[in-house]
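Enquirer: Chain by chain, the residues:
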Amino acid sequence: MKKSWAGHRLAATPKKDLALHGLRVLDLSQVAAGPYATMFFGYMGAEVIKLESRSRMDINRGRARPGLNDPRVYPGGVQGERPYDRTAHHVHRNINKLSVTLDLAEPKGKELFLGLIKVCDVLVENYRSSVMDRLGLGYDAVSRANPQLIYLKISSQGATGPEANYGSLGSTLEQTAGLASVTGYEDGLPLMTNEVYPDPVVGILSFGALMAALRRRRQTGRGCLVDLSQREVTSMLLGESVLDFSVTGRIAATMGNKHRDIAPQGVYSCLGEDMWVAVSAGTDDEWLGLCRAMGRHELAGDPRFKDTGSRQANHDALDEIISSWTRGLDHYQAMHLLQAEGVPAGAVLKGSETIIDPHIEARGFWDVVDHPEAGIYKQTTTPWILSKSPRQPTVPAAGLGEHNYQVLGGLLGLSISEIDTLVEQGITGDVPDPSA
Amino acid sequence: MGKWNVYRRPFPRTRFQVIWHIEMQSNEGVLSDIKVLDLSQGVAGPFCAKFLAGLGAEVIKVEPAGGDPARRARPFFGDSDNLESSALFAYLNTSKKGVTLDLDVPGQARSLKELAQDSDILVESFAPGYLDSLGLGYDDLSETNPGLIHVSVTPFGQAGPYCGYKGSDIVAQAMGALMYTIGLPDREPLKVGGESALYATGISAFSAAMLALHIRDTQGFGQHVDISAMDVMTVAQIHSSINEQFGHTPVRRPTNLVRAKDGWVSPGLESGVQQGTWPKICDLMGVPELAEDDRFTTQEARRTNQQALLEVVGSWAATMPKEEIYHTLQSLRTITGYVATVEDLLVSKQYAEREFFRTLADPVYGDVVHPGPPFRMDDDGWQLFPAPRLGEHNEEILGGA
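Protein chains in written order, with the numbering used here: chain A, 63 to 498; chain B, 19 to 419.
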């Protein structure tokens, strides 16, 4: 059966009035940091081509034939016929992108890749640092093909240095960057986030870094290599502790949910199982507001709590008092009562609660997406709202190789029969290698 | 265990190195033609403006006469009553000039309006509506400066039912579903340490400001940028909302850290490890018999028997320095981590070779080490000079006003 790229769903074709219309991004990135950066490009109107190989798909897709015990999350627990198009992480992070496969280990694959490089503005990858050079597709090669190209190299440790080729996960970056040393309960045991916090943060920053590189290109007429170390960015999240150590020799440690300057601060148990409200009353006014909210006006004059210093010193007693009040309240109710008295407070929400929270809903944060494989779900969008430059609605994550014909035909001028031949040779295709 | 190329030489830990001072000429940066008015206080907004300054923008920070509250925030280099002693303020406000203006004094509000006329980007963190009430909101300022990019950085954003609510780092982490899954199973939810949510909010404001500048460069108009810490944290939870909708509820989990002689490591043997690596690690640990032990021979088995695995690795690791374990196991292509403290960061060879830390001289406190650029574009510099003293540039910038 002949496929026609011309008839394919024009999934991620951006609208002309969007901010980044006309920019084209070639996206080799995997897991979270890179895919997050490129999904924002898609939201703002750029055309993003996600390029994978049939034998090495984005880890987000999971395996070609996952076992029954595969730890990845599939909608409703059902792996389906194309499990690699259904995993939660793929569906969530690979939105707003066209999907193309090429085998970059094969000469023909490299040739086509460099052909795409010539018609793209931005290349993003986050392999181990040496991978692209080993493939012969490092910055020298791609900038020769397209001197205007901006190459964002997101890596664990940066493109240089003795640890440049070390592997990492979000959780190990939290350790090596120092973030884990300040995250944990007061017993000093360092903990990681389970949310691989450095990845989304780096993804958001990468978007800004690329905006800077595009501006630089407008100034100089040339592209450049953007070298971004995830570990370095993560260390910038504890900058004040670095400065402090360099002057005083103090080593920042875990402090649970407490704060250096705010007391009381913590999470307090509410009605229901594992329900909590976060409270931080930093100023005297906020402390008085907390007393009013709890109906404990006599505490306002209690010398144990008269200023931040004494509230720090008597934090345990305060925690008892606050808990005994919150325990009888719904976590949202506690939040609203506290905020009504000017006290910073927030319900500790689960993922399933954020998608129905009335505030963030009213801000238009969630998109309702109907994914052909995964069904209807709510998608996180952008961490910004621009008054005159709206984002485009979410385009569901594409199936593996769904846009091979559209991209190789439309951008590189290959005929349908030429692409068919590439499929027969295994250089492209829309099914993974069975070993993948 | 001598068979493998084992890292054996711990780095000298006596003192940190790479004392560095780079002050880029302001015409070198990608933003060297851009003027920024930074009205923001605290953490998130100032962090955004710090990044703009690093890329070469001229940033004027406006504080009330009493100073940005961050000047009174720990940790302090010295005396807590000294408004020039906060490490937090010193970090967040590098490469800015500083003036003092009290916006509710009419004459001073006029001065601010004049500064805003001459600015490309304005960053502010006031409660929504406050600047409008002074006639200094986006609508007022953009009337005569239509190219202005006005970046508002607040806990809950400019609109929505909670937009008048107050926030903090922990409140943002709570409302964004970030912290529910952090911490141990039998304990309360735990926040990421430091001011991580507010830093991420500042980074989002930076990226959005750069986007708005791109739009102004290419399409010719400015606009109002709305950054909400709750939105940012909801973007930063990358598992919870999607996994729960797909029928899997993420929960707080036990730690996989193992105690080393001088701290903690995560051995990283449960994923990303090639098949032939496990026997090498058994040799290294002096337990070659475990190479054939069914509990550990595959990644899946090691995940299933994680506690047993951690005990085996733990008895080996307990006598070794954490960094040595990190380098040794990484040389076998595992994804190993070690928990670095700020002290460890300052002796990291990796950071030293990349000149990530740069030192600024403080007249009172001496050399102050700053984490360096967040990314590098070819040889472009990173503008770095000390944060302004309160009102330091009043004369230069406000002059006769």
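It should be emphasised that the hints constitute simulated quantities derived from the structure, not laboratory data. Any given hint might turn out to be false.
Unchecked claim - Derived Cβ-Cβ restraints for the label pairs, each shown as a range:
no.: 1; chain 1: A; residue 1: L333; chain 2: B; residue 2: K279; range: 33 to 39 Å
no.: 2; chain 1: B; residue 1: T316; chain 2: A; residue 2: A402; range: 27 to 33 Å
no.: 3; chain 1: A; residue 1: G363; chain 2: B; residue 2: S289; range: 52 to 58 Å
no.: 4; chain 1: A; residue 1: A362; chain 2: B; residue 2: G290; range: 51 to 57 Å
no.: 5; chain 1: A; residue 1: G142; chain 2: B; residue 2: P164; range: 47 to 53 Å
no.: 6; chain 1: A; residue 1: R206; chain 2: B; residue 2: A379; range: 41 to 47 Å
no.: 7; chain 1: A; residue 1: G84; chain 2: B; residue 2: S151; range: 18 to 24 Å
no.: 8; chain 1: B; residue 1: R205; chain 2: A; residue 2: P209; range: 52 to 58 Å
no.: 9; chain 1: B; residue 1: M338; chain 2: A; residue 2: E248; range: 24 to 30 Å
no.: 10; chain 1: B; residue 1: D280; chain 2: A; residue 2: E480; range: 57 to 63 Å
no.: 11; chain 1: B; residue 1: D311; chain 2: A; residue 2: L176; range: 45 to 51 Å
no.: 12; chain 1: B; residue 1: R205; chain 2: A; residue 2: G363; range: 30 to 36 Å
Said to hold, decoys possible - Some chain A residues near chain B, calculated using beta-carbon distances under 7 Å:
no.: 13; residue: K172
no.: 14; residue: G301
no.: 15; residue: G491
no.: 16; residue: D492
Ideal placement from N, C-alpha and C gives every residue a C-beta, glycine not left out.
Enquirer: Please go over all the hints and tell whether each is borne out by the structure.
Expert: Consistency of the hints with the structure:
The hinted range of 33 to 39 Å is not satisfied by A/L333 and B/K279, whose Cβ atoms lie roughly 46 Å apart. With their beta carbons about 56 Å apart, B/T316 and A/A402 fall outside the hinted range of 27 to 33 Å. A/G363 and B/S289 have their C-beta atoms about 56 Å apart, which keeps the hinted 52 to 58 Å range intact. Restraint check, A/A362 to B/G290: a C-beta distance of roughly 55 Å satisfies the suggested window 51 to 57 Å.
A/G142 and B/P164 have their C-beta atoms about 52 Å apart, which keeps the hinted 47 to 53 Å range intact. Between A/R206 and B/A379 the beta carbon distance is about 43 Å. The supplied range of 41 to 47 Å therefore holds. Distance hint check: the CB atoms of A/G84 and B/S151 are about 40 Å apart, inconsistent with the given range 18 to 24 Å. A hinted range of 52 to 58 Å for the beta carbons of B/R205 and A/P209 is consistent with their spacing of about 55 Å.
At roughly 27 Å, the beta carbons of B/M338 and A/E248 sit within the given window of 24 to 30 Å. Checking the proposed 57 to 63 Å range against B/D280 and A/E480 shows it holds: the Cβ atoms sit about 60 Å from each other. Between B/D311 and A/L176 the beta carbons are some 47 Å apart, a value that agrees with the proposed interval 45 to 51 Å. B/R205 and A/G363 have their C-beta atoms about 34 Å apart, which keeps the hinted 30 to 36 Å range intact.
A least Cβ separation of about 25 Å between A/K172 and chain B goes past the 7 Å threshold, and the interface hint is therefore violated. Below 7 Å, beta-carbon pairs count as interface contacts, and A/G301 has one with chain B at about 4 Å; its hint therefore holds. Hint on A/G491 is violated. Least Cβ distance to chain B is approximately 26 Å, over the 7 Å limit. With its C-beta approaching chain B no nearer than about 23 Å, A/D492 sits outside the 7 Å limit, and its interface hint is violated.
The structure fails to meet hints 1, 2, 7, 13, 15, 16 from the earlier list, while all remaining hints are met.
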